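Each chain is listed here by its residues.
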Amino acid sequence: MRIENHKVGAVTVVEPHGPVVQDDAEVFGSRLLATVRDSMGRLVVDVSGVPYVDSAGLEVLADAATQLQSTGQSLRLCGANETLRTVFDLTELGTKFDHYQDVNTAVRSFL
Amino acid sequence: MGPTSSPTTSADPTPARPAPNLRVVVAAALGLPVLALAFAGLVLWPSTAEAGFPGVTIIAAAALVLGAAAQAVLLRQVFRHLATLTLIGEAVEAHGQNEPDLPNLRVTALTNRTTRAWNQIVDELAAAHDQALSDQTQQALNAATLGTAERDGTLDALPHGVVIVDPEGSLHTVNGAACRMLMRSRERLTGAPLNKLTDHSDLLALVEKVLNRTDVRGGSVELVLSPGEEAEAVVRATVRPLGQNSAQHALIVFEDVTQQRTADRSRNLFVAQATHELRTPLTNIGLYLERVIDLKDEDTADRAECLNVINSEVLRLGRVVEEVLSVSEIEAGSLQVRRDDVRMEELIARLEEEYGPQAEKQKHTLTFDLPPKLPVVQGDRDKVALALHNLLGNAIKYTPAGGVIRVAVQEIEGAVEVAVTDSGIGIAEHDLAKVFEKFYRSEDQRARAVTGSGLGLALAREVIRLHGGDITAESILNEGSTFTLRLPVHAQAAAA
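Line by line, the protein sequences are chains A and B.
Position one of the first sequence corresponds to residue 1 (my numbering), numbered consecutively onward.
Position one of the second sequence corresponds to residue 112 (my numbering), numbered consecutively onward.
A portion of the hints provided could be inaccurate.
Listed below are the simulated DSSO-like cross-link pairs for lysine-lysine, each with C-alpha atoms no more than 30 Å apart in a straight line [to be verified]:
id : chain 1 : residue 1 : chain 2 : residue 2
1  : A       : Lys-7     : B       : Lys-545
2  : B       : Lys-472   : B       : Lys-508
3  : B       : Lys-320   : B       : Lys-307
4  : A       : Lys-7     : A       : Lys-96
5  : B       : Lys-307   : B       : Lys-407
6  : A       : Lys-7     : B       : Lys-508
FYI, nobody ran anything at the bench for these hints, they're computed from the structure.
As the structure is a computational prediction, the values presented were derived from the model and not from experiment.
Excised from the complex, chain A in its bound form (with noise of 0.2 Å):
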């Protein structure tokens, strides 16, 4: 999997493209929870380009969201798929992460 880092202003935008899942997702999860901390919660992670994601994956999304949480923040996802979604849902993580439609809106709610 490719992992992408960019900014928009002040915020920190991580795409991971490609299925959050087993080894990758562990590489995902110390890269996010580095952004995390560099960022100082200035986050936003795009996951348009990531068609699913297994258990390890789910785990690392939540890990990086009670992170957030213990500081006051939330992790704010966008572009999530309807496999995502529904995934969420199902697992009830759906709501430890704040959602937004696309990149600008999610770096707009910094604002």
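Please build the complex by placing chain B on the supplied structure of chain A, with the hints as guidance.
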């Protein structure tokens, strides 16, 4: 705690209690008549002795001894009671003088029924007292613990960092967001002196002033933190006095204002650049108008040229205004894409017409590479034209005089592809992804020399994406760039 009172011990003393009195009564009842008898015997001694009753003498002597013994028993009982009462009296007096420790009131010097009963009373009292005290403490503790948990939970749920500094200048309370901003764990922060955590002198001075009450209002300062290697964060710290009159604490609230600052900067930059973009065509229009006014009637060729310039500048001005409006519409999410039939041939022809003279002026070679027939695309004519204008306009702007610009149009797999290739300054690789960001201007000095709002490409791509197409960029620094616009013929307009 003290011994608990059982029902048997508390019920028993009632019948047992008269016992010592009985002994005193018996000793007195027996002793007194016997003594009286002995005295009577002694008084009668001479007469009885003479009468030859030695038995009386013996009886009197025996009665004397018995009476004395009975009196001794009586006295001993009385003294013992007296001692007990003295001890108890002392204890009661000590209690009266606020002796705090109830068990100290126990009488241990003597052991008899009375002292045992007294000790039992003291023990029961001490136990009841302890129980009441521990209940009270537990209740207070419960209330306090509940309050702390709720307070900490509330503080941690806040997105702003909250730090309470105690009168000694050490951190008393730190919430989760403050840990994130100070980049240390809560364990390391709590109790640590503030001046070890930050070397920001303004903040330290402000906190000190609040703590020693020279500043009763507080204030705020802005700090620049760098949580990551390249990351930078602007944090506003607001200091306020906190607490009762006894011990002055300072409350610091940290707010992350990086995004607001960045937005402000972009906005200011945009206003400056947009103003410039608007002013340039206006100035040209003004100049050429003056010239037209001064022209004599017969200078028809000159007049035509001036009017042409004015016309193209008006078009340019219109496009700038359109751009700004479109951006704000996109920002507000209200951009509507109409579905006209867009004749690509017409569009390209208009493009050629408008940019031909401009390219000629800068000695560029502008070529159009068109297939014999171009499709009619479904989309918003003005928006597609805007995007094409942007690409070609950029190519001309960012190519030094005498360059080669080529516009190649072809139809591939149900889409029209317009590739604009220039031989300009090119874009460095790290800039390439960013050229589509709003307000982004390259660090390249040559690019900076050209004016622009930093909106054009962002807008062009946004608009084409709304049509279901895309714009991609390829470039080699110093050699030139190719921007490719791909537009589906039957657009599934995303915004429709």
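Exercise. Can you list which hints this structure breaks, lowest number first?
Worked result: 5
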